[in-house]
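Undergrad: Chain residues, written in single-letter form:
Protein chains: 2
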Amino acid sequence: MDSERLIKQIEFIVEVDKLKRIFRQNAIIGTIESENDAEHSWHLAVMAILLSEYSSTKELDMLRVLKMLLIHDLVEIHAGDTFCYDEKGNLDKLEREQRSADKLFNILPSDQAQEIMNLWLEFETMETPEACFAASLDRLQPLLLNYHTSGHTWKRPGINSEKVLKRNRVLEKPVPLLWEYAQEIIEDSIQKGYLRK
Amino acid sequence: MDSERLIKQIEFIVEVDKLKRIFRQNAIIGTIESENDAEHSWHLAVMAILLSEYSSTKELDMLRVLKMLLIHDLVEIHAGDTFCYDEKGNLDKLEREQRSADKLFNILPSDQAQEIMNLWLEFETMETPEACFAASLDRLQPLLLNYHTSGHTWKRPGINSEKVLKRNRVLEKPVPLLWEYAQEIIEDSIQKGYLRK
Ligand SMILES: [Ca+2]
Numbered sequence: 001m002d003s004e005r006l007i008k009q010i011e012f013i014v015e016v017d018k019l020k021r022i023f024r025q026n027a028i029i030g031t032i033e034s035e036n037d038a039e040h041s042w043h044l045a046v047m048a049i050l051l052s053e054y055s056s057t058k059e060l061d062m063l064r065v066l067k068m069l070l071i072h073d074l075v076e077i078h079a080g081d082t083f084c085y086d087e088k089g090n091l092d093k094l095e096r097e098q099r100s101a102d103k104l105f106n107i108l109p110s111d112q113a114q115e116i117m118n119l120w121l122e123f124e125t126m127e128t129p130e131a132c133f134a135a136s137l138d139r140l141q142p143l144l145l146n147y148h149t150s151g152h153t154w155k156r157p158g159i160n161s162e163k164v165l166k167r168n169r170v171l172e173k174p175v176p177l178l179w180e181y182a183q184e185i186i187e188d189s190i191q192k193g194y195l196r197k
Numbered sequence: 001m002d003s004e005r006l007i008k009q010i011e012f013i014v015e016v017d018k019l020k021r022i023f024r025q026n027a028i029i030g031t032i033e034s035e036n037d038a039e040h041s042w043h044l045a046v047m048a049i050l051l052s053e054y055s056s057t058k059e060l061d062m063l064r065v066l067k068m069l070l071i072h073d074l075v076e077i078h079a080g081d082t083f084c085y086d087e088k089g090n091l092d093k094l095e096r097e098q099r100s101a102d103k104l105f106n107i108l109p110s111d112q113a114q115e116i117m118n119l120w121l122e123f124e125t126m127e128t129p130e131a132c133f134a135a136s137l138d139r140l141q142p143l144l145l146n147y148h149t150s151g152h153t154w155k156r157p158g159i160n161s162e163k164v165l166k167r168n169r170v171l172e173k174p175v176p177l178l179w180e181y182a183q184e185i186i187e188d189s190i191q192k193g194y195l196r197k
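Order-wise, the sequence lines are chains X and G.
FYI, UniProt numbering numbers position 168 of the first sequence as 168, with every residue one higher than the one before it.
FYI, UniProt numbering numbers position 21 of the second sequence as 21, with every residue one higher than the one before it.
In short, the hints are calculated from the structure, not lab data.
Since the model is a prediction, treat every value here as computed from it, not as a measurement.
The reader is advised that the hints may include incorrect statements.
Copies of the same chain are indistinguishable here, so a pair counts whether it falls within one copy or spans any two.
Dumping the calculated DSSO-like pairs for lysine-lysine here, alpha-carbon to alpha-carbon at most 30 Å [claimed, not checked]: (1) 173 <-> 197; (2) 8 <-> 18; (3) 8 <-> 163; (4) 155 <-> 18; (5) 103 <-> 197; (6) 58 <-> 93; (7) 155 <-> 103.
Input sequences plus hints: build the corresponding full structure.
TA: Right, here's the structure in full:
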């Protein structure tokens with residue numbers, strides 16, 4: 001068999017196995033073990049399947065939503081996970097991630113490299129209803145994990161409910177009912193002592 | 001906020017977090033750590049995005065393929081992972097998994113419970129082109145991981161190339177070029193001493 005195209009695709013598939021060892025700040029529920037980006041991406045995709053009815057834009061292209069969620073963190077293979085409340089790390093985040101995207105996606109045949117790049121940029125720029133919906137889930141999922149691990153990452157210095165609310169306000173327009181739900185669990189987390197006011 | 005429907009959906013989303021701690025037989029490339037079902041499901045979904053052109057049936061419904069791959073192992077939350085070459089474990093596998101499906105999927109509102117059940121049954125019965133394509137990737141992915149971990153799970157007693165070929169023959173009709181590729185890496189694995197003939 002001699003297919004240069006397939007060889008590139010397989011090389012990429014083997015390379016992205018590394019996403020399973022890019023660890024995030026959140027812990028898996030019931031453990032103190034860090035969630036990794038592959039698990040996180042899977043969880044978001046399952047959430048998208050179940051929660052699309054809450055989108056304020058009807059008739060989302062769900063195939064594009066799922067593709068975006070499945071690939072949105074691949075750039076962290078080279079750039080690493082940047083904690084969302086790390087102000088310094090977030091200054092050069094996009095630049096580091098763009099370099100990583102160039103290096104990683106170009107393993108693929110050029111048409112597919114372009115497709116994955118476009119999906120990633122769509123997710124990052126949040127200008128389409130699909131990207132806004134996807135990004136909302138990317139906020140809600142860590143909120144759920146924190147709520148169910150007694151505020152695992154919220155214990156760090158400098159994190160309080162104001163910052164958490166600000167970060168999750170992304171949900172307000174794309175998924176209003178989920179934003180209402182997010183505010184409720186943030187309020188309840190303050191009451192329960194998981195999160196400083 | 002008072003939405004019984006959303007509360008059920010969130011309960012399910014929290015419950016399936018457990019898939020991240022259902023370990024498989026394969027190791028992650030470059031490690032001796034076991035892959036888990038969430039990572040595996042994510043990896044299959046990425047493969048589906050990239051390899052759909054090899055499907056012998058054109059115009060697959062890719063949204064259904066991705067949904068199937070994302071949920072196909074959820075039943076292992078209660079039933080556990082059954083090693084594909086474990087003959088005894090495979091005798092009552094479907095029965096154990098059906099019980100798990102009933103328990104797990106019925107956390108959801110009934111319309112969604114039914115949707116996820118149908119997707120899981122479609123995957124299991126392999127009677128649609130989408131299910132055959134999805135099932136083919138579910139064979140090819142562990143083959144790739146084994147090939148890139150010097151035959152990590154192939155070292156066990158009783159496993160040989162005949163059994164591995166038999167298991168992967170599922171690829172022959174749905175994705176002929178990938179079946180050709182699979183045979184090549186099986187042959188190369190024998191040459192390299194990763195797999196007994
Ligand atoms: Ca991220």
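Undergrad: It remains to establish, for every hint, whether it holds in the given structure.
TA: Comparing the hints with the structure gives:
{"no.": "1", "hint": "173 <-> 197", "verdict": "within (24 Å within a copy, 59 Å between copies)"}
{"no.": "2", "hint": "8 <-> 18", "verdict": "within (16 Å within a copy, 34 Å between copies)"}
{"no.": "3", "hint": "8 <-> 163", "verdict": "between (42 Å within a copy, 28 Å between copies)"}
{"no.": "4", "hint": "155 <-> 18", "verdict": "both (28 Å within a copy, 23 Å between copies)"}
{"no.": "5", "hint": "103 <-> 197", "verdict": "neither (42 Å within a copy, 38 Å between copies)"}
{"no.": "6", "hint": "58 <-> 93", "verdict": "neither (32 Å within a copy, 40 Å between copies)"}
{"no.": "7", "hint": "155 <-> 103", "verdict": "neither (35 Å within a copy, 35 Å between copies)"}
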